[in-house]
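J.: Input sequences plus hints: build the corresponding full structure.
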Amino acid sequence: MPKTYYLFNPGRLSKNNRSLKFTPVDAEGNAKKPTYLPINDINELCVLGSLDANSALYNFLGQQKIPVHFFDYYEHYTGSFMPKDYLLAGKVHIAQTQAYTQPAQRLVIARKLLEGGIYNMLKNLGYYQNRGKEVTVYGSKIKQYYETIRQAQEMPIAELMGLEGNVRQVYYQAFDTIINDFAMQGRSRQPPLNEVNALISFGNSFCYNLCVGQIYHTQLDPTISFLHEPGARRYSLALDIAEVFKPVLVDRLIFALLNKKQIQAKHFDKKLNACYLNESGGKIYLKAWDERLKETIKHRAMNKNVSYRRLVRMECYKLVKHVLGIDEYSPFKMRW
Amino acid sequence: MYVILVYDCGEKRVNKMRKLCRRYLHWIQNSVFEGEISEVKLKELLLEADQFIDKAYDSIIVFKSREQKWLDKQIVGQEKNDLDNFI
Chain B
1 MPKTYYLFNP GRLSKNNRSL KFTPVDAEGN AKKPTYLPIN DINELCVLGS LDANSALYNF
61 LGQQKIPVHF FDYYEHYTGS FMPKDYLLAG KVHIAQTQAY TQPAQRLVIA RKLLEGGIYN
121 MLKNLGYYQN RGKEVTVYGS KIKQYYETIR QAQEMPIAEL MGLEGNVRQV YYQAFDTIIN
181 DFAMQGRSRQ PPLNEVNALI SFGNSFCYNL CVGQIYHTQL DPTISFLHEP GARRYSLALD
241 IAEVFKPVLV DRLIFALLNK KQIQAKHFDK KLNACYLNES GGKIYLKAWD ERLKETIKHR
301 AMNKNVSYRR LVRMECYKLV KHVLGIDEYS PFKMRW
Chain R
1 MYVILVYDCG EKRVNKMRKL CRRYLHWIQN SVFEGEISEV KLKELLLEAD QFIDKAYDSI
61 IVFKSREQKW LDKQIVGQEK NDLDNFI
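In the order they appear, the protein sequences are chains B and R. Residue numbering for the first sequence follows my numbering, starting at 1 and increasing by one per position. Residue numbering for the second sequence follows my numbering, starting at 1 and increasing by one per position.
What the hints contain is simulated information worked out from the structure, not anything from laboratory work. Each hint should be verified, as a subset may be incorrect.
Have a look at the derived ranges for each label pair, beta carbon to beta carbon [unchecked claim]:
#	chain 1	residue 1	chain 2	residue 2	range
1	R	81	B	161	45 to 53 Å
2	R	65	B	305	16 to 24 Å
3	B	325	R	65	42 to 50 Å
4	B	54	R	40	29 to 37 Å
Only pairs whose alpha carbons sit at most 25 Å apart, straight line, appear in this in silico BS3-like list of lysine-lysine [said to hold, decoys possible]:
#	chain 1	residue 1	chain 2	residue 2
5	B	33	R	43
6	B	304	R	41
7	B	21	B	333
8	B	298	B	333
9	B	33	R	73
10	B	3	R	19
Ideal Cβ positions, reconstructed from N, Cα and C, are used throughout, including at glycine.
T.: Next comes the structure, spelled out in structure tokens:
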């Protein structure tokens with residue numbers, strides 16, 4: 001499986017003999033020994049440091065269908081370089097648009113997506129319940145919402161999103177019980193006010209860009225979404241799919257990293273009224289994240305081992321099948 | 001599949017071989033590469049090498065391992081290049 005490469009060091013990336021060459025630069029601007037990245041082993045690039053590159057490189061990456069995701073100084077996702085769409089399918093596009101324009105159809109998908117997300121959140125709570133964290137109160141509250149959503153046949157999307165907000169609020173309250181040494185004290189973003197919030201923001205942005213990258217490899221149009229309102233300037237379908245996977249991938253990882261003390265107070269920078277992961281913290285998180293995505297689980301229907309990254313792609317395929325009327329969509333539900 | 005590829009080529013073809021291998025694998029030391037690669041990609045690599053090597057003189061040896069974790073790697077002295085995807 002080709003890998004995701006994370007570029008932390010500032011430097012120059014260039015095309016070299018039909019492959020890539022990365023020349024890191026130190027603080028004084030002197031070039032250091034270059035490293036060569038095998039082009040055939042790259043799935044996507046995540047750029048966290050400052051990068052020098054020219055259009056010849058981007059032409060080449062476009063040809064090789066390698067997306068590049070950029071993150072700013074505070075490790076916020078800022079955007080991607082996406083190669084030209086290569087899986088064009090008018091039929092899917094039309095079906096996807098139709099599924100969006102007909103409220104009844106859209107609601108079916110939106111509800112399923114949300115259902116998947118909430119189910120996975122409940123699984124998380126159940127997991128920690130078994131490990132002696134007292135989270136039943138939150139669990140039962142969320143279960144009520146879950147049932148309302150399952151039964152909602154006719155409900156405006158806005159109301160559905162409202163319920164989603166309620167669920168999240170309760171869910172995030174449970175974080176304070178699950179996480180040992182840090183307090184979360186409610187969700188805060190732009191900027192995150194404390195360590196847990198910083199981790200959630202950081203994790204979510206990588207989950208989002210994982211979904212962007214995987215949707216790119218399917219026939220779906222990333223701008224037409226069902227649960228979230230298709231807005232301008234963002235791939236809202238990726239937000240939809242991230243909804244299902246955030247509890248599975250991001251939250252679980254955060255709990256593990258904090259409770260096993262792999263990420264500690266020294267891995268954060270607190271400036272003014274904001275809290276961000278610093279470079280070493282980011283590296284620890286991304287290493288664990290990368291490992292996580294490579295991990296495989298046994299897929300029951302296929303009777304095959306599937307990595308978490310692949311699972312996201314399969315979620316997209318399920319959506320394609322749903323809009324084409326081949327198979328009804330059922331969201332990914334964690335079983336453990 | 002995880003492989004270690006070593007080659008021994010005539011001086012004129014060494015550069016070609018190195019450049020070719022760099023597109024697929026990580027360089028670890030002179031004429032030795034290693035990395036994760038699929039069956040098909042490896043075939044592609046060898047086929048391309050086939051175009052320019054002199055079979056009467058050169059040799060390419062590929063050690064295959066099912067996964068990286070089945071490979072015990074010991075380094076004595078200098079590690080010339082670490083193969084990390086965090087750069």
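J.: So which of the earlier hints does this model not fit?
T.: Numbers 5 and 7 - these are the hints that the structure violates, sorted from lowest upward.
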